[in-house]
Structure formats: C-alpha cells, structure tokens
Amino acid sequence: MADQTQDTPKIAVSGLHKRFGANQVLAGIDLEVGRGKSLAIIGGSGSGKSVTLKCILGLIKPDSGSIRIDGRETTGLTGTAREQVLARVGMLFQGAALFDSLNVWQNVAFGLMQAHGMAAKPAREKALAAMAKVGLEADLAEVNPAELSGGMQKRVGLARAIAPEPEILFFDEPTTGLDPIMSGIINELIIERVRELGATALTITHDMKSARRIADTIAMIYQGKIIWCGPAGDIDHCGEPHVEQFIRARSEGPIALDVVRA
Amino acid sequence: MNRWNFLAAIGRIFIVFLNTTGHLILFTATALRHVVLPPFFLRITFQQMLRIGYFSLPVVGLTAIFTGAVLALQIYIGGSRFNAEGFVGQVVVISMVRELGPVLAALMLAGRVSSAIAAEIGTMRVTEQIDALTTLATNPFKYLVAPRLIAATLTLPLLVLVADIIGVMGGFLAATQRLGMNAGIYMKSTMDVLEVEDVTSGLTKAAVFGFLIALMGCYHGYNSRGGAQGVGAATTDAVVSASILILLFNYILTDFFFS
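Line by line, the protein sequences are chains H and E.
The numbers in my numbering rise by one with no breaks, and the one at position 253 of the first sequence is 253.
In short: position in the second sequence from 1, add 1000, done, that's my numbering.
Simulated from the structure, these hints should not be mistaken for lab results.
Treat the hints with care, since some could be wrong.
Stated by the list, open to error - Quick look at which bits of chain E chain H covers, simulated, 3 or more residues with Cβ under 8 Å:
1) 1054 to 1065
2) 1134 to 1142
Said to hold, decoys possible - From chain H, some residues computed to sit far from chain E (all C-beta separations above 10 Å):
3) Arg-35
4) Gln-94
5) Asp-139
6) Glu-244
Said to hold, decoys possible - Covered stretches of chain H (in silico footprint by chain E; criterion: 3 or more residues with CB under 8 Å from a CB of chain E, positions within the stretch not fixed):
7) 53 to 65
8) 100 to 111
For glycine and all other residues, C-beta sits at the position ideal for the given N, C-alpha and C.
From just these sequences and the hints, can you work out the full model?
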C-alpha cells in the first residue's frame, strides 16, 4: 500500500540509470518534488533532461532505479495501472504535439473523453473553459492546429494539459522557439494555472528566465546526474562552477572544457 | 582474414534479420491483443474503412478493368494458336477471381494505403504525438494500430469483390467490342465455370493481404526515427515489405487452397 501522507513527496526519483548503447544518459538521478511545489530541471542539450522526464512518464523504461508517485512505485507499471497514473498527469510538449487529425477543441478535450470517459458535449464545454483560461477565443475551437502560430499551439497544448485538472503537470521546454513576449505570457499562464489547480509541476528547460520565474526549486543535471538542487532564489550564488557557467552562459568553464576534450 | 570478415558480415545480417523478425512478431501480437480486447474505437475504424476502401475504389477499379481487358486479348491471341479462343471468358474469370483481383488490388493498396499509414503514424512518432497519446492515458496500439488493422482486413475483401466484377467486365468489353465475341455466350461460359471456392479463396486472400498492408504501415510508421528522413524511409519500407509479404503469402495461401 502506497504511503500518501502529507510528507510523502509527490514525485520521488532515486538512482535512475538509463543507457542507450554505449551512451550512459542517466547515471543515477535523485530528485524529489513536494506536493504543490514546482521544480525546474536545467541543463545543456543532451544532458538527460528529456530522458528523465520520459522515464517519469513511463515513455522510456529506465535500466534501474526507482520512480515513486505519491509513494507508489511506477517503474514496472503497464496497461491499465499505468493509464490510471497518467490520468492524473498533464503534459505540455516542446512542440505542443497537437493531433493533426483533430481540431482545437477536440485536442483539448481528448484527455477528458478518452481517459475520463466524458461525453462529447460536456467535454467540449470544459475544453472551451480551459481554452479561455489560456487566453484562447472560442472561435478557434473548430480550427485545425496546423493553422495556428507556435505560441498559439503552445497555448492549446497547455489547455489540453490542464483541462482534466491533473494533480501533476510536466512542461518540456515550454518557452523554446517563442519570442520573449510570448515566452513571458506562457510563463505567467503556467504559474497561474499551476497555482489554481494546486498541482505539482516539473519543468525541464534551458531558458533560465523561465526557470527562475516558474520554479520554487531548480535542479541542474550534468552528465546524467543532478549536480546541484536548491531554491530558485539561491541559484545565482550557489558556488557550483558548472551551474555558474550555465546560468551566466559563459563559453569558458568546466562544461566547455569537457566539450573540447570530447 | 577476408573470409572471417565475410562470415562476420553474414552473421550481422542474420542477427539483424532475427532481431527485426522478433520485433515484428511482438508488435503483431500486441496489435492483435488490442484488436480483440475492448475498448474499440468504432468511429475511427469506420473513418479508416472509408479511407482505405471507398477512396481506393477508383485506383482499384481502373487496375481491374484494364487487367481484365488485356487478359482477354492475350488469352485470345495465345488460345488461337491451338484453337482455344472460346475459353477466353473462363480463363479471364478464374484468373481475376483467384489471383489477379486479390493480388493486384493488394499491390495497389500497398502503394496507396500502407505508405499513407506509415507516413501518418511516422509523423506522429517524430512530432511526439504518439507520446502525447500515451500521456493522455490512451494506448497508441488501441487508438492508432487496431482500427487500421480491422479496417483494412474488413475492407480489402469488399474492394476485391468489386475488382473481380470490374475485371470480368473489362474482359467482357474487350471480348465483345474488340474481338467480336457473342455477349450472351461469353457471359454464360463465364458463369458456368465459376465456383464458390474460387470466390471465397480470393476473398480470404484479400483479408490476409489487407491485414499485412495495414500491419506493415503501422509497424514501420510506429518505429520510425529521425525526422523527415526517417518518415520517408519508413514509408518506403512499408510499401516494399507489404508488397513482398503479399507475394509470399499469395503463394502460401494458393498452395493451401488448391494443392
């Protein structure tokens, strides 16, 4: 029986390892996200951020390690048991990953109808409400996602993630590819919606402005391990050379040296 | 040293072959489990039946009518060498219903449908739409693969039935309009020789071919990697592997039905 006391972290990852061929992507990830808290994982390209997220979601099977959600081990879950966990989760993908074959409201209502068995009419109403929360007009409901700009697609993706009112929200590079104004709008929407739902949030990003804005805690991943984790306000004077180099976007430092050596 | 390199190359190819075969068997078993177990996405299955069946009618119909007509002309030319011109109708109907209807319709659909399925699912894979389905607590096999397998398996026999009729009509038109044969005698000789087993064996082949066409499209699309180039490769692989499997299973089924 899973322990679901108030002290139990919503998400707890320990000793997570994943290798693709000769490439050891995750080399023992340990992290925890408390209930209603927001954690951002930062790190360079190829550092293992996306793989960590996909392991937590069950999209990639880790080689070893533990992933607990509400104290319940989820690494071995398949079929209906996995779907029950995923029904409590919302995810905003980097490219929004909207379904081409469905219009905007059908995309937003997809989780409501498939995972929660809601009928089309109430699901459409709830989808329109979710769209309104991310600043999308109702007259976009019948539009095909391909006709929308990148920023609008991100909003639809966010509406789809929050429509079923999930307990946990995952954001994969939520501001990548957006202009600074739209990035700011998406950041604010994420903060508002996460706060409104009382959800636990896990974001992976290399946009430091976004990480500082939306996260309570920031963790940096480097060579498949968490090398620093602390309050978002402490990151500027954490003293960890890799983190310092990353957040100040310096070309010189321990990370660059590794690249040269490779 | 060269001999060992040669043997190692053969070994690598054999291992890749075994690996791919095992992967395909596991994919097929998973897909079949989702075909028979609820929930069923009936609306999507019906949409796929329209796309695979109804919208393929023109290409299958054109293929069948010209094949039937050419067959009539060729049999007439060949038959006239030993005074067997009167067998044109019989040979056309048996050829169309037993072999050419199912095989040609399936090969046309391998090009039209298997490629479309691979491209659609492959694009969904590389744009993370399949991952999105999973995070929305929807099994991709249930939502994407099973409806296409059911639709193709049910639809291809209907398409082949239409192709058989159109092919026979093509032979009829060529025989009566070009070769001057009597229409009544031609139709009578056609119907006299046709047996139920000829039709059922052709339709059974069509169902198997439909399954293979959808399976290859889904398998290669689902496992595509690496952006646009990967989707392009998946599409090509789907058409090639579906075509080869159609020809292979045509021999196996023909041997099973008629030996």
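Status of the hints after comparison with the structure:
1. 1054 to 1065: Our answer is that it is violated, as 0 residues pass the Cβ test (under 8 Å) against chain H, missing three.
2. 1134 to 1142: That given contact holds, which follows from 6 residues of the segment 1134 to 1142 of chain E lying within Cβ reach (below 8 Å) of chain H.
3. Arg-35: Arg-35(H) clear of chain E: closest Cβ-Cβ about 20 Å, beyond 10 Å.
4. Gln-94: violated (7 Å)
5. Asp-139: Check passes; 24 Å lies beyond 10 Å.
6. Glu-244: holds (32 Å)
7. 53 to 65: Three-residue rule met by the segment 53 to 65 of chain H, so holds; n is 4.
8. 100 to 111: holds (count 3)
Consistency with the previously given hints fails for numbers 1, 4, ordered from lowest to highest.
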